[in-house]
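Q: Listed below, chain by chain, are the residues.
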Amino acid sequence: MTRFALLAAALCCTPVFGQEDLLDLLGEEETGPVYTNASFKTTRVINGHSLENTAHGVLDFRISHRFGFLSGGVNEFFGLDNADVRLGLDYGLTDRLMVGIGRSGFQKTVDGFAKYKVLRQCDEGCGMPVTLAVVASSSITTARATEVPWYGPDRQDYFTHRLSYSWQMVLGRKFSEGFSMQLTPGVVHRNLVEAENDPNDLINVGIGGRVKLTKRLAVNGEYFHVLRDEVPGLRNSLSVGFDIETGGHVFQLHFTNSTGMFERAFITETTGDWADGDIHFGFNISRVFTVHDPKKRPVE
Amino acid sequence: MRTLAYLTLALAMLPASLSAQERFATRNGHINFFSGTPVENIEADNNKVTSVFDASTGAIEFAALIKAFEFEKALMQEHFNENYMESNTHPKANFKGKVSGFTAADAMKAGSYDVDVSGDLTIHGVTKPLTTKATFVVNADGTIKANSDFSVRPEDHGIAIPGVVRKNIAEQIKVKVDLTYARM
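Order-wise, the sequence lines are chains A and B. With our numbering applied, the first sequence covers 1 to 300. With our numbering applied, the second sequence covers 1 to 184.
Don't read these hints as lab results, they were simulated from the structure. In this text, all values refer to a predicted model and were calculated from it rather than measured experimentally. We put the beta carbon where it would ideally sit given N, CA and C, even for glycine. Worth double-checking, as some hints may not be accurate.
Unchecked claim - Among the chain A residues that face chain B by a calculated CB cut under 8 Å, a handful are:
#1 Asn-37
#2 Ala-55
#3 Val-211
#4 Lys-215
#5 Leu-217
#6 Gly-221
#7 Val-288
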């Protein structure tokens, strides 16, 4: 019996060369969490915020442009005679926190926002299945008092009357390499509204998604539903478009019934009716600049 | 009888422990790659390369996690993973080969050795043979510092480069490997 045990011991302990995988000797490597990237090609689905942030140290210059309504017909050259523009600068303070400012021609509005990723979906090293970001934004119209739409003849032009706010939670997941989807519940608060029976706070929920057609081309869709009694002339925002990526630029070409390009405007003040052809052709151009490299090590 | 059994057991295990001493490994090797064109230079570093070298057989293996390559520009890193390397499908690059010109005895004496390395390089799921020269420096503390430079063609590994960025990415990517092995 002892002899048998010795033989077994000798056999099991004799190294076998050539057959084994050398790297297996190192055992499982411990990697930190690897966060899912590129759920969307850029930080906006179309008008609304996506699951993505600009990376730490990256400045994103965004030119957003909406032509007039296609329903303008030949006379308006299908909307191409008119244009609304928002110029924006976004910056990643950390990989989780980004801030941005923008100036829109629409009601001559300046808007600013901060967006923080509370949860980050992970590929490896942790079990988080979703990304959750919170976005807080505010806007101020700088138009003359006579041009501010919610100022009646007897209304005082207080500074606070020009302000509005939006808070959103962006909750979503990159389900596969080619498909991502998100839900965006939020509230828009207007300090002053046009009519007395118009609520100051409007609860809304957005849904957005993208499907990648090729590595550099994706199709996006986005819809915001506002929970309110029907208001004549106001619609919910619906947009579809393409993301085209070329090196440091992302071009987003889309069709949308929203004119404004900041939260209050496109969520609560969309007037276009898709059925009547009140659709804007538009584009966003995103150009990123790395202004600070957080990974940079001192030169050896 | 019991003592004899233990002794035999210890003897039986001796070859295993001896050969283990001729194995060298690292978990924090460095690989740098550089693509230089008149339009732009692209460079990335990975400081978490794992490698094992068996001085008795000359067998050598490397593995590098593609997502661990760090670029100066975050967007470049995203494109590298998403569009070129497809790191979700092919998470690692690896190399399996043989070192010639270096023996287990060399690993015991401090000095610098020029060696030849040849084997199979797998990047983006495509395996190609690779032969290159390397320098092994055996330090007084018994560690081995290994260096090698070679070039890789993305096309050889099935990495498609679209026409619009053809001028931005070099046809030959220069790869530098630099790591220090410690005895296992």
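Q: Hints first: check each against the structure and report whether it holds.
A: Evaluated hints:
1. At a threshold of 8 Å, the smallest CB-CB gap from Asn-37/A to chain B is about 5 Å, leaving the interface hint in force.
2. Hint status for Ala-55/A relative to chain B: holds, with the closest Cβ pair at about 3 Å, below 8 Å.
3. Checking Val-211/A against chain B: minimum C-beta separation of about 15 Å lies over 8 Å; hint violated.
4. With a least beta-carbon distance of about 5 Å to chain B, the hint placing Lys-215/A at the interface is held under the 8 Å criterion.
5. Restraint check, Leu-217/A versus chain B: the minimum CB separation of about 11 Å is more than 8 Å; hint violated.
6. Using the Cβ-Cβ criterion of 8 Å, the hint placing Gly-221/A at the interface with chain B is not satisfied: the shortest such distance is roughly 21 Å.
7. For Val-288/A, the interface hint holds, since its Cβ comes within 8 Å of a Cβ in chain B; the closest pair sits about 5 Å apart.
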